[in-house]
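Just so you know, the sequences run in chain order A and B.
Under this note's numbering, residues 601 to 825 are what the first sequence spells out, in order.
Under this note's numbering, residues 601 to 825 are what the second sequence spells out, in order.
Calculated directly from the structure, the hints in this document are not laboratory data.
Note that the Cβ used here is the ideal one computed from N, Cα and C, for glycine as well.
There could be a bad hint or two in this list.
[Unchecked claim] Estimated spans, in silico, between C-beta atoms of each pair: (1) I724(B) x E735(A): 30 to 38 Å; (2) E627(B) x V659(A): 32 to 40 Å; (3) E795(A) x S623(B): 50 to 58 Å; (4) D793(A) x D793(B): 47 to 55 Å; (5) D634(A) x M601(B): 32 to 40 Å; (6) E735(A) x E627(B): 26 to 34 Å; (7) Y734(A) x E794(B): 48 to 56 Å; (8) M601(B) x G780(A): 53 to 61 Å; (9) V817(B) x K603(A): 47 to 55 Å; (10) V712(A) x G713(B): 33 to 41 Å; (11) G754(B) x E794(A): 34 to 42 Å; (12) S778(A) x M601(B): 54 to 62 Å.
[What the hints assert, rightly or not] Result set (DSSO-like, lysine-lysine): computed pairs, CA atoms no more than 30 Å apart in a straight line: (13) K759(A) x K757(B); (14) K759(B) x K648(B); (15) K757(A) x K759(B); (16) K759(B) x K759(A); (17) K757(B) x K757(A); (18) K757(B) x K603(B).
There are 2 protein chains.
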Amino acid sequence: MSKAVVLLSGGLDSATVMALVGSEGYEIYALSFDYGQRHRVEIESARKLAQSYGALHVVVPLPSVSFQGSSLTTKELSVPKREKLGEGIPNTYVPARNTVFLSFALGFGETVGAFDIFIGANSIDYSGYPDCRYEYLTAYEQMANLALKETVEGRAKVKIHAPLLSLTKAEIVALGLSLGVDYSITHSCYDPDEEGRACARCDSCAIRLRAFAENNVVDPAPYRY
Amino acid sequence: MSKAVVLLSGGLDSATVMALVGSEGYEIYALSFDYGQRHRVEIESARKLAQSYGALHVVVPLPSVSFQGSSLTTKELSVPKREKLGEGIPNTYVPARNTVFLSFALGFGETVGAFDIFIGANSIDYSGYPDCRYEYLTAYEQMANLALKETVEGRAKVKIHAPLLSLTKAEIVALGLSLGVDYSITHSCYDPDEEGRACARCDSCAIRLRAFAENNVVDPAPYRY
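Make a model of the complete structure from these sequences and hints.
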């Protein structure tokens, strides 16, 4: 059985990726990161998702020093509301986030013998993050294959899989629904309340709600409309 | 004043890089990593070095999950002694170590506005690590420039500096001595005793001792010969 590392945030995209990877019969190693994000409730979603797909789940506590200056990790910045959608890279951008996440996946993957790394990056209907683009992911893969003992000695090849990259958010939801994803346990909101309910107003909520609406399905996740 | 991030292990190479960066007038942000390495005493060396060059020093505690299967982090594997020198990639190899370190430097660097990243990687007289080669570092730099908001929007350019890459270990020691590096506070041994004294027998000690001998200088670091 082939092994895969799945970057599992607990959100809509990574839940859909988990379902895809599960349907392809991989032995799954799921990685989640606790990096001081406001929406840490997503880690609990990740835990439930990993369990439902029989994945080995590791939560990596990252020191907050690496991820400062983002509204996702700093109380002084407020998460932008939907009127700002589409105006360049928003302040929810976290410096080098996917680079750090993929690098842990790379090291952990080599340790367990998994070189297929899955990430829910998505360049359509996205928030404008540079590390969610095809050019970036391709460059990462090239670098990765020069970095590891197993690849340099010719026994393995790292493949960064981003199966959602060119799907619209509505297409992702449609795919997930066809794979039976339980979206009620996923979490996407950047600014949840203390009970973990989504705000329905941040970029992430706005994009998600529109995608469900386009599928004529009510989003089953909890909101504080 | 330009800002630089220096990956500072506390060893001979990174101490020499610190001296070089200091001589070039950068404002220095030094990053060290606590990843469960046996030779954690090197972090204390890093602290002293950072202080002596007026650098802001951050020690990043990394979860050990990322770095398993190496003799540097696992008690079950023994550090190879010098008779093995030069036979391929040794078991002191740590999966994706420089990739993880550089990725933290990238995120931290963008946060503080530092895009010149210095690493003491060295491809001559080295231990055969794939992530210490020119091809790898070049690929990393290309990826990095596609990853960050500041670079993608054209306000900065990431440069991965590896000034020791094509120097022999003896040339590195000569350079450091000319820059006044206090090598007595550096630590290179993979297998120190409880007092932090170097073993004089592991790859790292063997390479270091030979380099000092070639400079006709006695290595001032403490050994348990």
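Hint check:
Remark: the range hint 30 to 38 Å for I724(B) to E735(A) is upheld by a beta-carbon distance near 33 Å. Between E627(B) and V659(A) the CB atoms are about 35 Å apart, so this pair conforms to the stated range of 32 to 40 Å. Checked against the hint of 50 to 58 Å, the pair E795(A) and S623(B) passes, with Cβ atoms roughly 56 Å apart. In this structure the supplied range 47 to 55 Å holds for D793(A) paired with D793(B), their Cβ-Cβ distance being about 54 Å.
Between D634(A) and M601(B) the beta carbons are some 35 Å apart, a value that agrees with the proposed interval 32 to 40 Å. A beta carbon spacing of about 31 Å between E735(A) and E627(B) agrees with the range 26 to 34 Å that was offered as a hint. Taking the beta carbon of each, Y734(A) and E794(B) are about 51 Å apart, inside 48 to 56 Å as hinted. The supplied range of 53 to 61 Å is met by M601(B) and G780(A), whose beta-carbon atoms lie about 57 Å from each other.
For V817(B) and K603(A), the Cβ-Cβ distance of about 49 Å falls inside the hinted range of 47 to 55 Å, so the restraint holds. Remark: the range hint 33 to 41 Å for V712(A) to G713(B) is upheld by a beta-carbon distance near 37 Å. For the hinted restraint 34 to 42 Å between G754(B) and E794(A), the CB-CB distance of approximately 41 Å keeps it satisfied. In this structure, S778(A) and M601(B) meet the distance hint of 54 to 62 Å, their C-beta atoms being roughly 56 Å apart.
Of the pairs offered as hints, the one joining K759(A) and K757(B) holds, with about 27 Å between alpha carbons and a cut-off of 30 Å not exceeded. Proximity of K759(B) to K648(B) is assessed by CA-CA distance (about 26 Å); at most 30 Å being required, the pair is judged to hold. For the hint linking K757(A) to K759(B), the alpha-carbon distance of about 27 Å falls within 30 Å, and the restraint holds. A distance of roughly 25 Å separates the Cα atoms of K759(B) and K759(A); the hinted pair therefore holds under the 30 Å criterion.
Between the alpha carbons of K757(B) and K757(A) the distance comes to roughly 29 Å, so the proposed pair stays at or under 30 Å and holds. Pair hint K757(B) plus K603(B) holds up; C-alpha atoms about 13 Å apart against a cutoff of 30 Å.
Of the numbered hints given earlier, the model fails none.
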